[in-house]
Amino acid sequence: MIISTPKARQELEALLQDCRTLFLIGCGSCATACKVGGEDEVFAAQEWLEASGREVTGSLILDEACHIMRAARELRRFREQLDEADALLILACGAGVQSISDCTEKRVLAAVNSLFVGNIRRFGQYEEKCSLCGDCILNETAGICPVTNCSKGLLNGPCGGMEDGCCEVETDRDCAWTSIYQRLEKQQRQGVFDRVVAPKDWSRKFKPGKLSLERSIVDNGREKHR
Amino acid sequence: MSRLADKLARRQFVFTAEIAPAKGVDVSAALQKAEQLQTLDAINITDNQGACMRMSPLALARLLVEQGYEPILQLTCRDRNRMALQSDLLGAAALGIENLLLLTGDHPRFGDHAAARPVFDLDSVQLLQAAQGLIAGRDMAGKKLVTAPSFFCGAAVAPAAQPQALVLKKFSKKVTCGAGFFQTQAVFQRRHLETFMAAAASSQVPVILGVLLLKSVKMAQFLNQNIPGVQVPQDLLQRLDEAADPLLEGVRIAREMVSWARQYCQGVHLMTFGHEELIPQILAH
Chain A
6 MIISTPKARQ ELEALLQDCR TLFLIGCGSC ATACKVGGED EVFAAQEWLE ASGREVTGSL
66 ILDEACHIMR AARELRRFRE QLDEADALLI LACGAGVQSI SDCTEKRVLA AVNSLFVGNI
126 RRFGQYEEKC SLCGDCILNE TAGICPVTNC SKGLLNGPCG GMEDGCCEVE TDRDCAWTSI
186 YQRLEKQQRQ GVFDRVVAPK DWSRKFKPGK LSLERSIVDN GREKHR
Chain B
-14 MSRLADKLAR RQFVFTAEIA PAKGVDVSAA LQKAEQLQTL DAINITDNQG ACMRMSPLAL
46 ARLLVEQGYE PILQLTCRDR NRMALQSDLL GAAALGIENL LLLTGDHPRF GDHAAARPVF
106 DLDSVQLLQA AQGLIAGRDM AGKKLVTAPS FFCGAAVAPA AQPQALVLKK FSKKVTCGAG
166 FFQTQAVFQR RHLETFMAAA ASSQVPVILG VLLLKSVKMA QFLNQNIPGV QVPQDLLQRL
226 DEAADPLLEG VRIAREMVSW ARQYCQGVHL MTFGHEELIP QILAH
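Heads up: the sequence lines are chains A and B, in that order. Residues in the first sequence are numbered consecutively from 6, following my numbering. Residues in the second sequence are numbered consecutively from -14, following my numbering.
No lab work stands behind these hints, which were simulated from the structure alone. Warning: the hint list may mix true and false statements.
Below 25 Å or equal to it, Euclidean Cα-Cα: the simulated DMTMM-like pairs (lysine to aspartate or glutamate) are [claimed, not checked]:
| # | chain 1 | residue 1 | chain 2 | residue 2 |
| --- | --- | --- | --- | --- |
| 1 | A | Lys191 | A | Asp169 |
| 2 | A | Lys212 | A | Glu132 |
| 3 | A | Lys212 | A | Glu85 |
| 4 | B | Lys128 | A | Asp140 |
| 5 | B | Lys154 | A | Asp199 |
| 6 | A | Lys191 | A | Asp206 |
| 7 | B | Lys8 | B | Glu55 |
| 8 | A | Lys210 | B | Asp64 |
| 9 | A | Lys215 | B | Asp64 |
| 10 | A | Lys212 | B | Glu55 |
| 11 | B | Lys129 | A | Asp206 |
| 12 | A | Lys210 | B | Glu262 |
| 13 | B | Lys128 | A | Asp206 |
| 14 | B | Lys154 | B | Glu227 |
| 15 | B | Lys154 | A | Glu132 |
Go ahead and model the full structure; you've got the sequences and the hints to work with.
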């Protein structure tokens, strides 16, 4: 899930300076779970905007704002309300914002900051476990990702800042390499300590990322769903 | 072969210390300090130490070479990707710098540019490997160099860090990747050094022990709270606290560490923080 936090009201206030009429868009997926762009937050945004003398021409919660074609289709249903708005205020992650900016000439404003792809510990508590590096080493590191969990993303063991098994950057957090080492010991495996890990191939992460599945794979999936 | 490499190869005990480049362009203070350290075998030039931005160590290292000193150029993975690291290494060789200390580097959050993007494209093990590649005439892309550099590559280790077994695993990787010597983080407990050296000695790679001059109990507490990998134990804190002259007590403590080094290691790396005049006292038998 994409973890995001709302932009400060002060920042939004400055952003909305020349906007008198706004259309609001939230997202029913990650942004709802993160409490930044669900029904409650869109409603609260509307109240705040109206209290500050602005007009909200309408609002919409997309099921998944990251779905480009669906967002375009949904937006077409609200054409009049969109036309009346000076700008669209999007309470969804950066990916969602861009699905929308892709299908309208209107000014599109992001109301949240996207932070990371996160796991959910419990409601309201999110943790980054995977950095989407494109070159997974988990099979050798006992299922703990050093690219993400080590503050420096080191691949060959801990740095000199490890103290009593804790990380130098946040001393109350376990050093990822201590966790990897302890788990490998329990499994009686050498894992990543058996070899010198080569530098990462960052060419797999050249931006922007893009993946197109072969037609046959896509069609096969559709068959099964039918 | 550098003088440092030669001495270590002949199993002689060596002495090193370090200079941080200026925050600015005036090198006179650094050169003055080098003069104070001229009896030592080599002088480390730190690389944006503590993640605080300063003059390039490459520039200062070259100036030291011109004055007849022998620098150990420190190079960290924090601020440069693999291209910049390799190109700085080739530049260092062209400038007559042979000794290297290849490090991961402190995280930017400790420094004066906390918003900087940490690079860490390579780690210290991979940087050692890259340097070995250059020496062998190939860059990391496998391209042949017109002329290959010659380096004496060192690496760092923190013998007191726990779990020590894990520290030793990384130490072994550095040995595999061509570390020709090690300089250690300060070690304040003899048993840490003993157990570490018992395991590390078989590698046959010279270990130079980091010896840090504790100037006061306040400084020791500051180190404990702010410097990753440095832990001054309670008994030393007490000695400093109760001493009539804490600096003198610090010199005594440092002298004990030098004696451990003479027993277990092949040199000392002195960190005296502006008290270079005390080095003869620290090294006195």
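Do the hints match the structure? See the list:
Among the hinted pairs, lysine 191 (chain A) with aspartate 169 (chain A) is consistent with the structure: their alpha-carbon atoms are about 19 Å apart, no more than 25 Å. For the suggested pair lysine 212 (chain A) and glutamate 132 (chain A), the alpha carbons sit about 24 Å apart, so the restraint of at most 25 Å is met. Of the pairs offered as hints, the one joining lysine 212 (chain A) and glutamate 85 (chain A) is violated, with about 36 Å between alpha carbons and a cut-off of 25 Å exceeded. About 23 Å separates the Cα atoms of lysine 128 (chain B) and aspartate 140 (chain A), which keeps this hinted pair within 25 Å; it holds.
With a C-alpha separation of about 9 Å, the suggested pairing of lysine 154 (chain B) with aspartate 199 (chain A) holds against the 25 Å cut-off. At roughly 30 Å between alpha-carbon atoms, lysine 191 (chain A) and aspartate 206 (chain A) are farther apart than 25 Å, so this suggested pair is violated. Annotation: proposed proximity of lysine 8 (chain B) to glutamate 55 (chain B) holds, straight-line Cα distance about 22 Å (limit 25 Å). For a cut-off of 25 Å, the pair hint linking lysine 210 (chain A) to aspartate 64 (chain B) stands: about 20 Å separates their Cα positions.
About 29 Å separates the Cα atoms of lysine 215 (chain A) and aspartate 64 (chain B), which puts this hinted pair outside 25 Å; it is violated. Annotation: proposed proximity of lysine 212 (chain A) to glutamate 55 (chain B) is violated, straight-line Cα distance about 44 Å (limit 25 Å). For the hint linking lysine 129 (chain B) to aspartate 206 (chain A), the alpha-carbon distance of about 20 Å falls within 25 Å, and the restraint holds. For the suggested pair lysine 210 (chain A) and glutamate 262 (chain B), the alpha carbons sit about 52 Å apart, so the restraint of at most 25 Å is broken.
As the CA atoms of lysine 128 (chain B) and aspartate 206 (chain A) are separated by approximately 17 Å, the hinted pair is consistent with the 25 Å bound. For the proposed pair lysine 154 (chain B) and glutamate 227 (chain B), the alpha carbon gap of about 39 Å is over 25 Å, so the pair is violated. A distance of roughly 28 Å separates the Cα atoms of lysine 154 (chain B) and glutamate 132 (chain A); the hinted pair therefore is violated under the 25 Å criterion.
When the structure is compared with the earlier hints, violations turn up for hints 3, 6, 9, 10, 12, 14 and 15 and for no others.
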